[in-house]
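Asks: Take a look at the letters that make up each chain.
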Amino acid sequence: MNSNITNWKNGFRDGIPICLGYFAVSFTFGILAKGAGLTPFQAVLMSATNFTSAGQFAALGLIGASATYVEMSITQLVINMRYFLMSCALSQKLDSRAAFLHRFLVAFGNSDEIFGLSVCKEGKLNPFYNYGLFSIAMPGWALGTLCGTVSGSLLPERIISALSIALYAMFIAVIIPPAKGNKLLLGIILLSMISSLLFTQVSILNQITPGFKIIILTVLIAGIAAFLFPVREVADER
Amino acid sequence: MSGNVYIYILVMAGVTYLIRLMPLALIRKEINNVYIRSFLYYVPYVTLAVMTFPAILGATATIWSGLAGFFVAVLLAYRGGNLFQVSLLACLTVFIIELFVVPGIF
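Residue numbers (this note's numbering), protein chains in the order written: chain A, 1 to 238; chain B, 1 to 106.
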C-alpha cells in the first residue's frame, strides 16, 4: 500500500513538465475551439474525455466542416492509431498479476507523454505511478483548454512559446540517459531523428501525416533493430 | 456546423479510448517471443525520438530558440538532469533567446 502512495507521488512529481507543456498546447487548442464555435464547456469536455492533442485539433476542423460521425471516427482512428503500438508496449510493462481493472484506467490516460514516462521506468510499472502522472497532467490539459477559450490573451505569447518546448525537452530527458554508454540505443535514436527529419523534407514523404510517420518509422526502425539486435532478458531489468 | 457537438465528442472519445484499451486488455500475458519483446523494447525510443525531432524546432516562435532549447535539453539530459530540470531549463532558454537574441518576433 505504501509503495502505491510513493509511486503515485513520484508520478505526480515527474508529471509537472507534462502539466506545463499541456497547458501551453491546450491553451492554443482552447483558442481554436472557441474559433470553431465550441462553448468553453464543450471544449473542456472534449479535452477531459479525449486527452489527445492531434485528434482534438483535427476534430475542430471536422466539426467546422459538418463532417459525418463516421468520418469523425475514421479520422480519429487514423490519427490515434499510434496509441495502439504504445499500448502494446505498455501491456508488457504492467504486472500480469495486477488487477485487470488497472488496465482500463491506465488505457484512458495513455497519452504520448504519459506513455513515454511510464514505459521508460525501470522494472515493472506500478499503475499508481501512471495515475500520479495523470493526476497532474489532466488538470494542465483541461485548465489550459478553459483558459484558451475564455481569454486567448490571458497569457503573453512569450510564455506560451517558452512552455511549448517543455514536452519535447521532457522526451529528450527520457530517452537520452539510457542511451548514455549504449551505442546501439544512441544509434537508434539518431537514426529515428534523421529519418523523421527526412520525412518532413523529402517530397511525397512529407505528404504523410505526423501520426502515420510515427507508426511507419516505429514499425520499420524498431522492427529492423529487433531483428538485427534482439535483446535477451529486457523486460525485467528495464 | 450542423452535427451535435456532444455526439462528436462522444464518438471521438470512444474511438480513442478503444485504440488505447484494446492492446492493454487483450495482451495480458508476458510475451516470450524474443523478437516481439525486442521490438516492444525499442518502440518507445524510436517513437519518442521521431516525435521530438524535428518537431522541437518548430514548436517555439522561432527556429533559433527551438534549436537552442534542443541543445540545452540534450546536454542537460546527458549530464543526468531530471525531467523537471531539463524541461524547465529548456523553457527558460527559449524565453531568454526570444527576449534578447531575436528581439522583435512578437
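One or more of the hints may lead you astray.
[To be verified] A few chain A residues that face chain B, going by a derived Cβ cut-off under 10 angstroms, partial list only:
| id | residue |
| --- | --- |
| 1 | N2 |
| 2 | I5 |
| 3 | T6 |
| 4 | L94 |
[Claimed, not checked] Below 27 angstroms or equal to it, Euclidean Cα-Cα: the simulated BS3-like pairs (lysine-lysine) are:
| id | chain 1 | residue 1 | chain 2 | residue 2 |
| --- | --- | --- | --- | --- |
| 5 | A | K9 | A | K183 |
| 6 | A | K180 | A | K124 |
| 7 | A | K180 | B | K29 |
| 8 | A | K124 | B | K29 |
| 9 | A | K213 | A | K183 |
| 10 | A | K34 | A | K121 |
What the hints contain is simulated information worked out from the structure, not anything from laboratory work. We put the CB at the ideal spot given by N, CA and C, even for glycine.
Asks: None of the hints should be skipped; say for each whether it holds.
Replies: Going through the hints against the structure:
1. N2: violated (23 angstroms)
2. I5: For I5/A, the interface hint is violated, since the closest Cβ of chain B sits about 20 angstroms away, which is over 10 angstroms.
3. T6: violated (17 angstroms)
4. L94: Given a least distance of 7 angstroms, the restraint on L94/A holds.
5. K9/A x K183/A: violated (33 angstroms)
6. K180/A x K124/A: Holds, at about 22 angstroms.
7. K180/A x K29/B: violated (31 angstroms)
8. K124/A x K29/B: holds (13 angstroms)
9. K213/A x K183/A: Holds - the C-alpha atoms of K183/A and K213/A are around 24 angstroms apart, at most 27 angstroms.
10. K34/A x K121/A: violated (38 angstroms)
Of the numbered hints given earlier, the model fails hints 1, 2, 3, 5, 7 and 10; all others are met.
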